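Each chain, written out:
Number of protein chains: 2
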Amino acid sequence: MTPLSRSAILNITDGIEPPDELWRARARAHLDTLTKPLGSLGYLEDLAAQVAAIRRANPVLPMSKAVYVFAADHGITAEGVSAYPSAVTKQMVLNFVAGGAAVSVLARLHGVVLHVVDMGVDGDFENVSGLLHRKVRKGTRNMLREPAMTDEELSQALRAGAELADEAAAAGHTVLAVGEMGIGNTTAASAITCALTGSTALRATGRGTGLDDAAHESKTAVVDAIVKKHFAELTALNPLDILRCVGGLEIAAMTGMILAAARSRIALMIDGFISSAATALAVAMEPRIRGYLIAGHRSKEPGHRLLLEHLGLDPLLDLEMRLGEGSGAVLAMPILESAVALYSQMATFSSAGVSEALA
Amino acid sequence: MTPLSRSAILNITDGIEPPDELWRARARAHLDTLTKPLGSLGYLEDLAAQVAAIRRANPVLPMSKAVYVFAADHGITAEGVSAYPSAVTKQMVLNFVAGGAAVSVLARLHGVVLHVVDMGVDGDFENVSGLLHRKVRKGTRNMLREPAMTDEELSQALRAGAELADEAAAAGHTVLAVGEMGIGNTTAASAITCALTGSTALRATGRGTGLDDAAHESKTAVVDAIVKKHFAELTALNPLDILRCVGGLEIAAMTGMILAAARSRIALMIDGFISSAATALAVAMEPRIRGYLIAGHRSKEPGHRLLLEHLGLDPLLDLEMRLGEGSGAVLAMPILESAVALYSQMATFSSAGVSEALA
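Protein chains in written order, with numbering that gives the first Met the number 0: chain C, 0 to 358; chain H, 0 to 358.
Okay, chain C solo, but in the shape it has when bound (with noise of 0.2 Å):
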């Protein structure tokens, strides 16, 4: 058992309500009596309606939007699972904060404010400015040979998710996209989802960066063998178990962002493979989160589709990206604004003088 992360894990879901259904119908009601046919607008429509309920309120532009990058490194790495060295990711977190990885480009282009955060980096940022400070330890253990975290390294990563959370919701940010970097964090995601989903490792380990075939079998064989030390039977399994044995800092903090910002009726625009898994565990912690939950897009790692699937959820773009940082998800803000401004700005057919359809 997991007590101090138990407690944590409370503390975070106490208060979280579904979205209000009540707001929903208002808002389908609402698009009825815009000028387009019924339904016209698809998935469109869904999301204003969406957006609707998990605000409480009638959706208008601009919404406040804010993408959070957390980096961590992983002991799993020993094991040659990545096509990248470790080394990585601190220089990818330099190259977040200095603006030109995918995930800066796009956060400017699309007005997402970027934070990036430091959860786990094997490295030091002493001097380094924009730039979260909530380094838990460098680096997680090596999951093949023992549990990745303890259970206080796991509350204090959570913890700091959801203060960020927390902070994001003061600050009026009505949307968040949940992004991570973290050179050998597939890995870790694979084993999540063989915990939650039953998936065999085969099914559930992608190529990450870019493994060759020998070193994609080396990486399932590894997967095969984390999820074989610490679940010995893949049934009743506690998700905090499974984030402590075989997830990582970057993964807890982004599971407890995602509980938190549910709490605070914030909408939540979900990433790729690695983003899905710590989703996938906070709905398994709290399943009263599941309306407050978008898809940004399907990533190309085999994984994500079997999380998609657990999850239920459609996402809006399927482009064959498999970069992580929350590029797919800030990809699909402007798609969540199209709706929002379609559902505040359309004229009705009375205000606009069209006819409606033909009885």
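For the record, the hints were derived by calculation from the structure and aren't laboratory data.
Predicted model only: the values in this text are computed from it and were never measured.
Incorrect hints may appear among the rest.
[Unchecked claim] Here are the simulated lysine to aspartate or glutamate pairs, DMTMM-like style, with alpha carbons at most 25 Å apart:
{"no.": "1", "chain 1": "C", "residue 1": "K137", "chain 2": "H", "residue 2": "E355"}
{"no.": "2", "chain 1": "H", "residue 1": "K227", "chain 2": "H", "residue 2": "E151"}
{"no.": "3", "chain 1": "H", "residue 1": "K299", "chain 2": "C", "residue 2": "E145"}
{"no.": "4", "chain 1": "H", "residue 1": "K299", "chain 2": "C", "residue 2": "D317"}
{"no.": "5", "chain 1": "H", "residue 1": "K137", "chain 2": "C", "residue 2": "E145"}
{"no.": "6", "chain 1": "H", "residue 1": "K299", "chain 2": "C", "residue 2": "D13"}
[Said to hold, decoys possible] Have a look at the derived ranges for each label pair, beta carbon to beta carbon:
{"no.": "7", "chain 1": "H", "residue 1": "K137", "chain 2": "C", "residue 2": "G311", "range": "48 to 58 Å"}
{"no.": "8", "chain 1": "H", "residue 1": "E355", "chain 2": "C", "residue 2": "V127", "range": "18 to 28 Å"}
{"no.": "9", "chain 1": "H", "residue 1": "K137", "chain 2": "C", "residue 2": "L37", "range": "23 to 33 Å"}
{"no.": "10", "chain 1": "C", "residue 1": "D31", "chain 2": "H", "residue 2": "N126", "range": "23 to 33 Å"}
{"no.": "11", "chain 1": "H", "residue 1": "E308", "chain 2": "C", "residue 2": "G171", "range": "40 to 50 Å"}
{"no.": "12", "chain 1": "H", "residue 1": "A86", "chain 2": "C", "residue 2": "T199", "range": "28 to 38 Å"}
{"no.": "13", "chain 1": "H", "residue 1": "K137", "chain 2": "C", "residue 2": "R287", "range": "53 to 63 Å"}
{"no.": "14", "chain 1": "C", "residue 1": "D31", "chain 2": "H", "residue 2": "G171", "range": "38 to 48 Å"}
{"no.": "15", "chain 1": "C", "residue 1": "G311", "chain 2": "H", "residue 2": "T32", "range": "33 to 43 Å"}
{"no.": "16", "chain 1": "H", "residue 1": "R107", "chain 2": "C", "residue 2": "E232", "range": "49 to 59 Å"}
{"no.": "17", "chain 1": "C", "residue 1": "H132", "chain 2": "H", "residue 2": "S349", "range": "22 to 32 Å"}
{"no.": "18", "chain 1": "H", "residue 1": "E125", "chain 2": "C", "residue 2": "G98", "range": "47 to 57 Å"}
Cβ coordinates follow ideal geometry from the N, Cα and C atoms, glycine included.
With chain C fixed as given, assemble chain H onto it according to the hints.
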């Protein structure tokens, strides 16, 4: 035969060249230097390389974007093929201009210049400003009884679209979305789909703006009768004949715009069913335009799926929209801009000091 429209098309297609493969290769090489795993931006990389090949230059922001919404009425509405009265075409044109329609809202949000073109609305717009007056005729003829257009009308509509593309090029636009409004025009698009793909009317005919089962069945029978009347055999059909017999004035103008835009090396964001019918006709007239096309979205109309397959285009969005107006194309514009932003603004491995993949 159609000598007038044939000469119009020869004038328009003269000088069209495919996108430049050298520039595409150059762009791909640049993408591989950026701080991301190789190929991890998926279709966004294809898009950026396509824009480079189209423009024969490194793509940069800002892009100059416009959407043209071509409006016209259809004589076939006499057969009861639409859930809405014909008067809605004119009413919606006024709504576009007033800023209250879906495409108006989306164009405003995403910085896309909206042009509304009256190609053949059954109504007068004498005192309406903000509208491009290119009316050929107050609606097409009833194509169940006679060809929808004369050769002269077709030629005039094609040229009007081409001239607007030339004006867009002169205004510096680098990407155009092509949309439409016209009660009855899914019937025209279904007939075009049958003629171009050999599909049955049953597979190519959808519910348009929202027909019930009985009306959908009746519309399918109308499409079947139209195709049988004009095209005894679905082989070796001339696209100009197809357009003249079963097209619409707005569809002809879109076809002219698409051809002439390709000549001016402008990227074309295609919208839904009607827009894709015009595109498929344009490709049948001049296959070298294929590389200029980007499919903005997949509409819920069943015929659109057939046309996208026929054109070999993968859409950027698949959100169950079925509104037309260019709405899906404008909604996809931020994705195209994202691709260009990533291409032009991301750091390279060497500039950011990020380690490359392990050997």
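Now the hints, each set against the structure:
1. C:K137 to H:E355: 22 Å, holds
2. H:K227 to H:E151: Given that 25 Å is the threshold and the Cα spacing comes to 24 Å, the pair holds.
3. H:K299 to C:E145: 51 Å, violated
4. H:K299 to C:D317: 17 Å, holds
5. H:K137 to C:E145: Measuring from Cα to Cα gives roughly 77 Å; hence the hint is violated.
6. H:K299 to C:D13: With Cα atoms ~41 Å apart, K299 (chain H) and D13 (chain C) exceed 25 Å; violated.
7. H:K137 to C:G311: 48 to 58 Å: 50 Å, holds
8. H:E355 to C:V127: 18 to 28 Å: 22 Å, holds
9. H:K137 to C:L37: 23 to 33 Å: 28 Å, holds
10. C:D31 to H:N126: 23 to 33 Å: 32 Å, holds
11. H:E308 to C:G171: 40 to 50 Å: 46 Å, holds
12. H:A86 to C:T199: 28 to 38 Å: At roughly 60 Å between Cβ atoms, T199 (chain C) and A86 (chain H) fall outside 28 to 38 Å, so the hint is violated.
13. H:K137 to C:R287: 53 to 63 Å: Cβ of K137 (chain H) to Cβ of R287 (chain C): about 57 Å, so the range 53 to 63 Å holds.
14. C:D31 to H:G171: 38 to 48 Å: Given a distance of about 40 Å, which is inside 38 to 48 Å, the answer is holds.
15. C:G311 to H:T32: 33 to 43 Å: Holds, since G311 (chain C) and T32 (chain H) (Cβ atoms, about 39 Å apart) stay within the stated range.
16. H:R107 to C:E232: 49 to 59 Å: 56 Å, holds
17. C:H132 to H:S349: 22 to 32 Å: 28 Å, holds
18. H:E125 to C:G98: 47 to 57 Å: 52 Å, holds
Violation of the numbered hints given earlier is confined to hints 3, 5, 6 and 12; the remaining hints are satisfied by the structure.
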